[in-house]
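**Student:** Here's the letter readout for the chains.
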Amino acid sequence: MAVEKKTHPLIVSVSPHIKGEESVSRIMWTVNLALLPSFLMSLYYFGPRALFVTALCVITAVLSEYIFQKSLKKKITLSDGSAFLTGLLLGMNLPPSLPFYIPIAGSFMAIVITKQLFGGLGYNIFNPALIGRAFLLISWPKAMTIWKEPTAVFATLDAKTTATPLGILKEEGLGKLLEVFGDKANLYTQLLIGNRAGSLGETSVIALLLGAAFLLYRGYITWHIPFSFLGTVALVAWVFGGKGALFTGDPIIHLLSGGLILGAFFMATDYVTCPTIRKGQIIFGIGCGAITMLIRLKGGYPEGVMFAILLMNCFAPLIDRGVKTDLFGATKGQKK
Amino acid sequence: MNHGEHRTNWELIKNGIFKENILFRMAISLCPAIAVTNSLKNGTLMGISVLFVQVMVNITISALRKFINPKIRIPIYMLVIAGWVSAIDMTLAAYAREAYKEIGLYIQLIVAFASILARAESFASKNKFVPSMSDGIGMGIGFLLAMIIISFFRELLGKGALFGFPIVAGKPLLIMILPAGGFFAFGILMGFFNWIDIRFFGGKGASGAG
Chain A
1 MAVEKKTHPL
11 IVSVSPHIKG
21 EESVSRIMWT
31 VNLALLPSFL
41 MSLYYFGPRA
51 LFVTALCVIT
61 AVLSEYIFQK
71 SLKKKITLSD
81 GSAFLTGLLL
91 GMNLPPSLPF
101 YIPIAGSFMA
111 IVITKQLFGG
121 LGYNIFNPAL
131 IGRAFLLISW
141 PKAMTIWKEP
151 TAVFATLDAK
161 TTATPLGILK
171 EEGLGKLLEV
181 FGDKANLYTQ
191 LLIGNRAGSL
201 GETSVIALLL
211 GAAFLLYRGY
221 ITWHIPFSFL
231 GTVALVAWVF
241 GGKGALFTGD
251 PIIHLLSGGL
261 ILGAFFMATD
271 YVTCPTIRKG
281 QIIFGIGCGA
291 ITMLIRLKGG
301 YPEGVMFAIL
311 LMNCFAPLID
321 RGVKTDLFGA
331 TKGQKK
Chain B
1 MNHGEHRTNW
11 ELIKNGIFKE
21 NILFRMAISL
31 CPAIAVTNSL
41 KNGTLMGISV
51 LFVQVMVNIT
61 ISALRKFINP
71 KIRIPIYMLV
81 IAGWVSAIDM
91 TLAAYAREAY
101 KEIGLYIQLI
111 VAFASILARA
121 ESFASKNKFV
131 PSMSDGIGMG
141 IGFLLAMIII
151 SFFRELLGKG
161 ALFGFPIVAG
171 KPLLIMILPA
181 GGFFAFGILM
191 GFFNWIDIRF
201 FGGKGASGAG
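Just so you know, the protein sequences line up as chains A and B, in that order.
Going by this note's numbering, the residue at position 323 of the first sequence is 323; the numbering climbs one at a time, nothing skipped.
Going by this note's numbering, the residue at position 2 of the second sequence is 2; the numbering climbs one at a time, nothing skipped.
Only chain A is shown next, with the shape it has when bound in the complex:
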């Protein structure tokens, strides 16, 4: 502020005059930092493979953004950390055992096709990391659904292949899931600390919540999207998740498993692709939750968070338009 005054002693502007410290790059790097705990947990559970996949994603994302902007003679915006964040998020959404070209293709898809071709940061309709993942899941369905059992630190590369808890729940039902994990208390604990098969960064709920709490505390995300998202998932899981009778489902399993926590706090809240008005954000979250549960309970895939967020991304501008409040003091006739 002081510096600003010195360099522009005669600047005239409309109030308010308070200038915050926030900037795009500051927010992006803070989100990167908030993902650090879950990245460390993924290293703990999946060993060098986690580092390999995530690093590939990040490096490809940053490089392809650089090459694209360089070749189109645009301003290089690597330092704002958004390409880094896209790569990191994509890496956390991938299973641990992948051939090297899959993360590269996904990152390229995310940065070049989804983000830069639409005009760069701030203009993309869809969450780049999720489009990257959707692209990979559809292109290489087999490789993208080989899940490894988490093992102790720096395990050998050939860890046992297994199904994710949601996969077991979908294919063989709750009974089998309890058989694998012992009893319910143990199941919840394991899901909470992340000792289960799944994508790299999605497993450890505690680490994710730690990062999310940090972002909430800093005010970079608000409660509207994540909590309406999680609330809807819990409600639908409770009402329709049970076998046979209504209101017998287990919401906790659905809340703790899959990519829900990662999606709700880090992906659905992406500034560019979610509604900007609070009321709209709640609608957005409810929509995400409903579609997630629709896919989980009735759809062909065991997990639906990715498709739910992507589908709601296209509705974000529409929601914003629908909930826009009237101008202060405007009468009915002046609404527009």
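In case anyone wonders, no lab produced these hints; they're calculated from the structure.
These figures come from a predicted structure and were not determined experimentally.
Backbone N, C-alpha and C define an ideal beta-carbon position, used for all residues, glycine too.
Hints may contain errors.
[Said to hold, decoys possible] So these bits of chain B aren't anywhere near chain A, every CB distance computed over 12 Å: (1) Asn15; (2) Glu20; (3) Lys41; (4) Ser86; (5) Thr91; (6) Ala118; (7) Phe129; (8) Leu145; (9) Phe152; (10) Phe153; (11) Ile167; (12) Phe184.
[As the list claims (entries may be wrong)] No farther apart than 25 Å at their CA atoms in a straight line, the calculated lysine-lysine pairs in the BS3-like style are these: (13) A:Lys176 x A:Lys298; (14) B:Lys101 x B:Lys171; (15) B:Lys126 x B:Lys19; (16) A:Lys176 x A:Lys243; (17) B:Lys126 x A:Lys74; (18) B:Lys126 x B:Lys66; (19) A:Lys170 x A:Lys298; (20) A:Lys176 x A:Lys142; (21) B:Lys171 x B:Lys41; (22) A:Lys279 x A:Lys243; (23) A:Lys75 x B:Lys204; (24) A:Lys243 x A:Lys184; (25) A:Lys70 x B:Lys204; (26) A:Lys73 x B:Lys66; (27) A:Lys142 x B:Lys171.
Based on the hints, put chain B in the right spot on chain A.
**Tutor:** What follows is chain B alone, placed relative to chain A:
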């Protein structure tokens, strides 16, 4: 009346292939460009069918243009188009049964193609027999080439094959033979041809409003 008189037949054909290419420049009749381009064989067959229908419809409308009452011209165009589409539909059903099973539905949909009705209305109904034929040939070949280019990339990337013969082992990019991949392939190719137009021919690129 003689809208295309000052253009030679060769110019009319070139116009259809490059400048007013149905798919990449006019961005109309996109349904087959996405739906049947997942293999080179289907794409080519579809392109040839459209080429045939386009030429035949153009020369029929042109020959009959003096007898068609302007008030009911669109229904008459539709009758002519439907007639020629039925002809190619039955021919394919008889002689290319395997391919017909896959693309038969889209062959019948040629009736509703914007491009065919558009050329009948905007060109063939105002021009003489030979220019109308050239226009039909140009438009049809432009469509055929576009279909071949799209399906070449889609089959090569999606199935690792061309005309059903394996070129690359495995399935490199499965998404390319799915509908979503069709949109990707089409969008990227359209962007590529826009780039060529802007970079080398001083054009403005297609507006894509169609």
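**Student:** Evaluate each hint against the coordinates.
**Tutor:** So, going through the hints one by one against the coordinates:
1. Asn15: Answer for B:Asn15: holds, closest chain A Cβ roughly 29 Å.
2. Glu20: holds, 25 Å
3. Lys41: holds, 22 Å
4. Ser86: holds, 37 Å
5. Thr91: Check passes; 36 Å lies beyond 12 Å.
6. Ala118: B:Ala118 clear of chain A: closest Cβ-Cβ about 29 Å, beyond 12 Å.
7. Phe129: holds, 45 Å
8. Leu145: Per Cβ check, B:Leu145 is outside 12 Å of chain A; nearest 24 Å; holds.
9. Phe152: Holds, since 18 Å exceeds 12 Å.
10. Phe153: Since the minimum Cβ distance to chain A is about 14 Å, B:Phe153 lies beyond 12 Å and the statement holds.
11. Ile167: holds, 18 Å
12. Phe184: violated, 7 Å
13. A:Lys176 x A:Lys298: Judged against 25 Å, a Cα distance of about 19 Å means the pair holds.
14. B:Lys101 x B:Lys171: Holds, at roughly 23 Å.
15. B:Lys126 x B:Lys19: Holds. B:Lys126 to B:Lys19 sits at ~20 Å (cutoff 25 Å).
16. A:Lys176 x A:Lys243: holds, 14 Å
17. B:Lys126 x A:Lys74: Violated - the C-alpha atoms of A:Lys74 and B:Lys126 are around 48 Å apart, more than 25 Å.
18. B:Lys126 x B:Lys66: holds, 9 Å
19. A:Lys170 x A:Lys298: holds, 9 Å
20. A:Lys176 x A:Lys142: holds, 23 Å
21. B:Lys171 x B:Lys41: holds, 18 Å
22. A:Lys279 x A:Lys243: It is violated: about 34 Å lies between the C-alpha atoms, which goes past 25 Å.
23. A:Lys75 x B:Lys204: holds, 24 Å
24. A:Lys243 x A:Lys184: Roughly 17 Å separates the two Cα atoms, so the pair holds.
25. A:Lys70 x B:Lys204: holds, 23 Å
26. A:Lys73 x B:Lys66: violated, 56 Å
27. A:Lys142 x B:Lys171: holds, 11 Å
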